[in-house]
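Could you put the whole structure together from the sequences, leaning on the hints where they help?
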Amino acid sequence: MLEILVSGLIVGAAYAALGLGVTLVAKMSGVVSFAQAAVALLGSYTGLVAGTAFRLPPLLALLVGLLAGAAVGALFGWIIARWFQGADVRIRSSATIALMIGGLTVGARIFGDTPREAPSLLGGHTLALGGVTLDSGLLAALAVSVCLAVALDLALHRTHGGTRLQAYAERPVTAELIGIPAQRLTVLVWGVAGAISALAMHVVMSATARNANFMALSLLIIPALCASLIGRFQSFYLTLLGGLGLGILEALLLSIPDVAPYAQAVYLPVIMALLLWTHRKEVWDGQRG
Amino acid sequence: MISMSKTLAAVAAACAAAILPAHAAEPIRIGAISSISGPLPLPESPAAARAVFDRVNAAGGIQGRRIEYLVQDDKADAGASAQSARDLVDSKGVVAFAGSSSLQDCTTNGNFYRQRKVLSIPGVGGEFTCYRNKNFAPVSVGPARNTLGSLLYTAVELKADKLCAFLLGIPAHTAGNRWAVENFEKISGQKLHLLDTTVLPPDDMTPHVLKAKSAGCTAIVFSGAEQMALAWVKAMKMQGMGDVTLMLMTPAYTANFAAALGRDGDGIYTNSEYEPFLGDSPALADWRKLMADNNIPESSFAQGGYLAATVLVDVLERIEGPITRESVTAALRAIKGGQAITHSMFGDTFSFDENMDTLKVSSTKFVRLKNGKWQVVTPDYYVVNAIQ
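Residue numbers (numbering that gives the first Met the number 0), protein chains in the order written: chain G, 0 to 288; chain X, 0 to 387.
These aren't lab readings, by the way, just hints derived from the structure by calculation.
Do not rely on the hints blindly, as some may be mistaken.
[Said to hold, decoys possible] Computed spacing ranges between beta-carbons, pair by pair: (1) Thr113/G - Ile386/X: 35 to 45 Å; (2) Gly371/X - Gly129/G: 48 to 58 Å; (3) Leu126/G - Gly371/X: 23 to 33 Å.
[Said to hold, decoys possible] Derived coverage of chain G by chain X (criterion: at least 3 residues anywhere in the stretch with Cβ under 8 Å from a Cβ of chain X; other residues may be distant): (4) 6–15; (5) 111–120; (6) 202–213; (7) 248–257; (8) 260–273.
A quick note: this is a predicted structure, and the numbers were derived from the prediction, not measured.
Glycine is no exception: its CB is placed at the ideal position from the N, C-alpha and C atoms.
Structure below.
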C-alpha cells in the first residue's frame with residue numbers, strides 16, 4: 000500500500016506542480032489557462048537546449064529555462080490583456096486554447112520529437128521510501144511548490160498589491176477605472192506563472208520516468224487542469240492536494256488488474272463527481288426558483 | 000479545299016505523333032500512405048522507397064516508363080487515411096502501394112483496397128491488421144511477431160525463470176498482443192510470470208516498473224517505442240532493478256538510444272527485424288550507400304521502405320505486357336512458393352500468397368548493448384514458427 004502511495008506521489012507531483020501555475024493565472028487574472036503546459040514546455044526546453052548548446056552548468060541552464068518560461072508567459076499574458084481585456088471570461092479562456100495550439104505547434108517544429116534529458120535538481124540524490132526510490136529533487140520541488148503556494152496566498156491576502164490583483168481579477172474594468180494598471184498586472188502574473196510552470200516541467204523531466212518528448216509532455220495539461228479544478232481555480236492548497244490525490248488514485252487503479260487499462264480515464268469521473276458536488280446547492284436553488 | 004484537308008491531315012498526324020509517345024511514357028504511379036506528422040512520425044520508410052524509385056528512374060525507368068511515387072501524409076488520422084487512399088487509387092490511379100508507414104492504413108483501408116483490387120507492400124506495418132488482411136504484405140516483422148520472438152528468446156535462450164511481459168496497451172496492438180502470448184505459451188509450454196498490457200505512451204513508467212519489482216520478475220520484455228523504452232530504463236534504474244534482464248523491441252534499436260544511455264544501458268537486449276543496420280554486414284552495403292547518397296538517416300524504418308520498394312521494382316520488371324493495376328496485382332499474387340523473393344537484408348522470403356498465413360514464420364536477430372554500443376548476439380536469424 001505504501002508503495003502505491005509513494006509511486007502515486009511521483010505521478011501526482013507532476014500534476015500538482017503544473018496545476019499550481021494554472022490556479023495562479025486563474026485566481027489572479029481570471030482566466031483558465033489551457034496554455035500553461037505549452038508555456039512550461041517552451042520555457043524548460045529552451046533552458047535544456049541552451050544548456051547543451053553553450054555547455055552551461057545545470058543550475059544556470061535551469062535559470063535560462065525559468066526566464067524563458069517567464070518571457071513566454073508574459074507574452075501570452077500581454078496578448079490576453081491587450082486584445083481580450085473586456086471580453087467575457089469564456090472568450091478569454093478560449094483564447095488561451097488558441098495560444099496553446101500555437102505554442103505547441105511552434106514548439107514541436109523547433110524541438111522535434113527527440114526526448115530530452117533534464118539534470119536532477121539535487122545532483123541525482125535519491126531517497127528510499129517504502130521500497131520505492133524517489134529522486135530527492137522531486138521532494139525539493141514539491142517543498143518549493145508548497146512554499147510558493149503559502150507565499151502567494153499570504154501575498155494575495157496581506158499586501159496592498161495582492162488586494163489590487165484580486166480586485167482586478169474579479170472586476171477588471173472597475174479596477175482599471177480606479178487606476179489599477181491592469182495590463183501590467185496581467186503580464187506580471189502570467190510571467191510569474193510561466194516561470195513556476197517551467198520549473199515544474201523541468202522537475203517532471205528530471206525526476207519522473209515519462210516519455211520526455213515535447214508533444215507527449217504537453218498532454219500533462221489535462222491532469223493539471225483537473226488538479227486546478229479540484230482547487231476550484233482558487234485554492235493553491237487544494238490544487239496541490241488534488242494533483243497528489245489524482246496521482247495516487249491513478250497508481251491505485253494501475254495496481255488492480257481489472258481496472259488498470261482505464262487508469263488514464265480517471266479524470267473524467269473525478270471531474271464529474273466534483274462538479275456535481277460543488278454545484279449541488281445551485282441545483283436545489285434552481286429548483287426552488 | 001484540297002489544301003485544307005491536307006492541312007487537317009497534317010495536323011492530325013502531328014497530334015497523333017505528339018500523343019502516342021506521350022501515352023507510352025505515361026509514368027507508373029505508385030502510392031504510399033504514411034503518418035509523416037502526428038504522435039509517432041514515420042517519414043523514413045517512404046523516403047527510403049523514394050530513393051529506390053529515383054534510382055530506377057535515373058537508369059531509364061521500367062519499360063521506358065518512369066515511376067511517379069505519390070506519398071500522402073495521413074497524420075495518423077483514420078479520416079485522412081481513408082481520404083488519401085481514395086485520392087491515390089481513384090483519382091491518381093496508382094497501380095500498387097509500396098513503403099507505406101501509417102498507423103491507420105491497414106485497418107482503415109483494407110476493405111477499400113480489396114474492392115479496388117489494389118495491393119500494398121508496407122515498409123512499416125504497426126497494426127495487426129497489416130498481417131491479417133490479404134491485400135497487404137508488409138516486409139516488416141511487426142509488433143506481434145517481434146513480441147513472440149522476444150518472449151521465446153528470453154525464456155528459452157536466456158533461460159529466464161520469472162519472465163514478465165509489459166506490452167503496449169494501444170487498441171491497434173490488442174489482438175497482436177493476445178496472439179503473441181498465446182503462441183508463446185503453446186510453443187514454450189511455459190506461462191508468463193506476469194502479463195501487463197496497460198502501458199500507454201504518455202504514462203509515467205514508475206508504477207509499472209514497481210509492479211514488476213514487487214512481482215519479482217527476473218526478466219522483462221517491454222514493447223514500448225524508443226522514447227517510452229528510455230523512460231522505462233530510467234524507472235528501472237531508479238528503482239534499483241539493474242540486475243533484471245531487459246528485452247526491448249526493434250524501435251529501441253537506434254544509435255540515439257545507445258547514446259542516451261551510454262554504459263548505463265549495458266546488458267539491454269533488443270531485436271532487429273532485418274540485418275541489424277548498425278552492424279557492418281556486407282548485406283547492408285547497397286542500402287547504406289543509397290541512404291547516404293540521399294541524406295536519409297539510417298534506421299529500421301528506412302530498411303523497410305527500401306525493401307518494400309526493391310521488392311515491387313523486382314515484380315514490375317517481371318511483367319512482360321503493359322503495366323497496369325490489373326497486371327501488377329496479378330504479378331504480385333504470383334509471388335509465392337518457388338517464386339518467393341529473397342533479399343540478403345531479411346531472414347524470411349517475401350511472398351504475396353492469399354492462402355498463406357503471413358504470421359506463420361518470422362526471423363529476427365538479437366542485439367545487446369555492450370560498452371554503450373549495440374552488438375549482434377545472434378549472427379544467424381532466430382526463426383520462430385507460430386502455431387496458430
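A quick look at each hint next to the structure:
{"no.": "1", "hint": "Thr113/G - Ile386/X: 35 to 45 Å", "in the structure": "holds, 40 Å"}
{"no.": "2", "hint": "Gly371/X - Gly129/G: 48 to 58 Å", "in the structure": "violated, 33 Å"}
{"no.": "3", "hint": "Leu126/G - Gly371/X: 23 to 33 Å", "in the structure": "holds, 28 Å"}
{"no.": "4", "hint": "6–15", "in the structure": "holds (count 5)"}
{"no.": "5", "hint": "111–120", "in the structure": "holds (count 4)"}
{"no.": "6", "hint": "202–213", "in the structure": "holds (count 6)"}
{"no.": "7", "hint": "248–257", "in the structure": "holds (count 4)"}
{"no.": "8", "hint": "260–273", "in the structure": "holds (count 3)"}
Checked against the numbered hints given earlier, this structure breaks only hint 2.
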